[in-house]
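These protein sequences, in sequence, are chains A and B.
1 is the number of the first residue of the first sequence in our numbering; add one for each residue after it.
1001 is the number of the first residue of the second sequence in our numbering; add one for each residue after it.
It is worth saying that the hints were derived from the structure and are not from the lab.
Just so it is clear, CB atoms sit at the ideal spot from N, CA and C, and this is done for glycine as well.
Accuracy of the hints is not assured; some may be wrong.
Over the 12 Å line for every Cβ pair with chain A, so calculated as not near, a few chain B residues [to be verified]:
hint, residue
1, Leu1056
2, Gln1106
3, Gln1110
Here are the simulated DSS-like cross-link-like pairs (lysine-lysine), alpha carbons at most 30 Å apart as the crow flies [as the list claims (entries may be wrong)]:
hint, chain 1, residue 1, chain 2, residue 2
4, B, Lys1038, A, Lys70
5, B, Lys1069, B, Lys1081
6, A, Lys73, B, Lys1038
7, A, Lys173, A, Lys206
8, B, Lys1091, B, Lys1081
9, A, Lys171, A, Lys189
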Amino acid sequence: MSSEAHSSAEYIKHHLQNLTFGQHADGSWGLAHSVQEAKDMGFMAINLDTMGFSILLGALFLFLFHGVAKSAKAGVPGGMQNFVEWIVEFIDGAVRGSFTARNNMVAPLALTIFIWIFLMNLMDLLPIDWIPGLATMLGLPYMKVVATTDPNATFGMSLAVFFLVLYYSIKMKGVGGFVGELTLQPFGKWGLPANLLLEGVNLIAKPVSLALRLFGNMYAGEMIFILIALMFSGGAVLALTGGVLQWAWAVFHILIITLQAFIFMTLTIVYMDMAHQEHH
Amino acid sequence: MNINMTLIGQSITFALFVWFCMRFVWPPIVAALEARRKEIADGLAAADRGRHELELASKRSVESLHDAKQRASEIIALAEKRAAEVVEQSKQEAKVEGERQLALAQAEIQQEVHRAREQLREQVAGLVVAGAEKILRREVDAKAHSALLEEIKSGI
Chain A
1 MSSEAHSSAE YIKHHLQNLT FGQHADGSWG LAHSVQEAKD MGFMAINLDT MGFSILLGAL
61 FLFLFHGVAK SAKAGVPGGM QNFVEWIVEF IDGAVRGSFT ARNNMVAPLA LTIFIWIFLM
121 NLMDLLPIDW IPGLATMLGL PYMKVVATTD PNATFGMSLA VFFLVLYYSI KMKGVGGFVG
181 ELTLQPFGKW GLPANLLLEG VNLIAKPVSL ALRLFGNMYA GEMIFILIAL MFSGGAVLAL
241 TGGVLQWAWA VFHILIITLQ AFIFMTLTIV YMDMAHQEHH
Chain B
1001 MNINMTLIGQ SITFALFVWF CMRFVWPPIV AALEARRKEI ADGLAAADRG RHELELASKR
1061 SVESLHDAKQ RASEIIALAE KRAAEVVEQS KQEAKVEGER QLALAQAEIQ QEVHRAREQL
1121 REQVAGLVVA GAEKILRREV DAKAHSALLE EIKSGI
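So here's chain B without its partners, still in its complex pose:
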C-alpha cells in the first residue's frame, strides 16, 4: 500500500505498452479491417451490377422470345397460305389435264368409230357387190359400174 518506485515503473511500463500497441498492433489490424470493408463494398457493388445486368438480359431474352414467336407465326401463316395456293394450283392443273385427256380420248374414240364405220362400209359394199354379182349371174364390169357402186356405197 506504500507509494514507491513502482509508481514510476508502472508509468514507464504503461508508456512502453502504449508505444508498442501504437506501432505494431493497432495499424495492421485497422488496415486489415479497412481492406475487408472495401472488399465487401466492392463485392456488394459488383453484385448490384450483376443483378442489374441479369435484369437487362432477362428483359432482352423475353423480348427476343416474343420476336421469335411472332416471326414463327408469320412464317407459319405464310407457309399455310402458300400450301393452300399450291394445292389450289395443282387442283386446277389436274382438272385442266384431265379435261385434255378426256378430250383426247373422246377424239380417238371418235376416230376409231369413224374408221370402223368406214371398214364396215367397205365390207358391206364388197358384200353388196358380191351379192349383186351372184344375183345378176354375170360379170359386172367394175370400171363401168364404179359410179353406180360409189353411189350405193355412200348410200349405206
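Just chain A, same shape as in the assembly:
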C-alpha cells in the first residue's frame, strides 16, 4: 500500500516536471534527471518541452494563417480561408469593441495571443500519457506537453504584454503623464505615497493576474487529468469510472481552454486601451 501511494506521488511529480536543460552542480551541462536537479540548476536553465511545444504550435498557427494570408482574395473563400476569416473577424470585432485608440499592433497581438494560447491549452486534451510515454521510450526523463502549465510561458507572455503597456503608456502620455498617473491620483498631490502604493499595485497586478489566471486554470485542469489517470491502474471499475470522468472533464475543459485564451486576449486589449487613454 505504501509503495502504491509512493508510486502515485512519483507519477504526479513526474507529470509536473519540465524537461529542463542546464548546468549540473558538478559543472557539466545536460538534462535534469530529477526534480531536485532541475531546481538546483537555478535561473540559467531552459525548459526544452515548454519552448519546443510553444514554438511548434506558434509556428503551426503562423504557417496556417500565413498560407491563407498569402492567397487571400476577395472572391468566394475556400474552407480554410473561411475559417481563418471567421477567426480574424471575431478578433477584429473584439478589438473594435474594447480598444478605442488607433494602433495597428493591437489586433495582430490579440490574434496571436488567442490562437497561440488556445493551441497550447488544446494540448491538454491529449491523453496525458501519450507524449510523455513516447518521450520515456526515447530516453527523455520528463515531458510536459501543455506549455501553459509552465509559469515561465504564461509569465513570459504577460511580461511582454506588460512591457508593451509601459511602452505605450509613456509614448502616449509622456514620462510626466505616466508618472503623474501613478502618483497624483486618486487622492491628489498630498496623498502621493498612498497614490503610488495603490497605482503601483494596480500596475503590477496586471501582468501577475494575467499570468497566474492562465497558469492556475491550466495547472489545475492538468492536475485533475493526472488524478483521473491514476484511477486507470485501480482495477476495472475504477478504470471505467476514470474513463467516463476523463471524457466528461475533457468536454468541460474545451470550454475552459477557449475561455482562458479569450480572457487573456480581452484583458490584453483592455490594458492596451488603458495605456492609450489619457485621463487627468
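Model the placement of chain B on the given structure of chain A, informed by the hints.
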C-alpha cells in the same frame, strides 16, 4: 515549476510571433475582407440600380402597350368608318348606274317599239295599197294619189 531562462525565451518567442503576425498575417487577411466587403456593397448597389431600372422599364412598357392599344383601336374605328363610307358610296353609285342602265334600256325599247310600229305601218300601208289596187282593178297613179296614201298611212 522553476522560473528560469524559459521566461525570457518565451517572451522573445512571443514577440517574434506577434511581429510576424502583424507583418505577414493580419494585413493581407483584413485587406481581403475589406475588398470583399466593398465588392459586396458594390454588387448590392448595382442590384438596386438594376431593380430600379427594371421598374422604370416595366412602367414604360405598360405605358407604351397602353398607347399602342389606344392607337390600334383608333385605327380600327377609323377603318370601320371608312369601310362603311366606301360601302355606302358604292351602293349609291350602283344605284345610280342601275337607274341609268334602266333608263337606257327603256329608251332602247321605246325606240324598238317605235321602229316596229313604223315598219308595221309601212307594211300595212303597202297592203292597203295593194288591196285598194285589187279592189279598184286599175292602176293607181302613185304620184297622183300619194297625198291620199299619206293621209291613209297617218290614219292607221
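For each hint, the structure was consulted:
Residue-level check passed: leucine 1056 (chain B) sits 31 Å from the nearest beta carbon of chain A, beyond 12 Å. For glutamine 1106 (chain B), the shortest C-beta to C-beta distance to chain A comes to about 99 Å, beyond the 12 Å cut-off, and the non-interface label holds. The beta carbon of glutamine 1110 (chain B) sits about 105 Å from the closest Cβ of chain A, which is more than 12 Å, so the claim that it is off the interface holds. Distance hint between lysine 1038 (chain B) and lysine 70 (chain A) is fulfilled; the C-alpha atoms sit about 20 Å from each other, no more than 30 Å.
Using a Cα cut-off of 30 Å, the hinted pair lysine 1069 (chain B) and lysine 1081 (chain B) holds, with the two alpha carbons roughly 18 Å apart. Only pairs whose Cα atoms come within 30 Å are accepted, and lysine 73 (chain A) paired with lysine 1038 (chain B) is accepted, the gap being roughly 12 Å. Of the supplied pair hints, the one linking lysine 173 (chain A) and lysine 206 (chain A) holds, its CA atoms being roughly 19 Å apart against a limit of 30 Å. For the hint pairing lysine 1091 (chain B) with lysine 1081 (chain B), the CA-to-CA distance comes to about 15 Å; that is within 30 Å, so the pair holds.
As the CA atoms of lysine 171 (chain A) and lysine 189 (chain A) are separated by approximately 23 Å, the hinted pair is consistent with the 30 Å bound.
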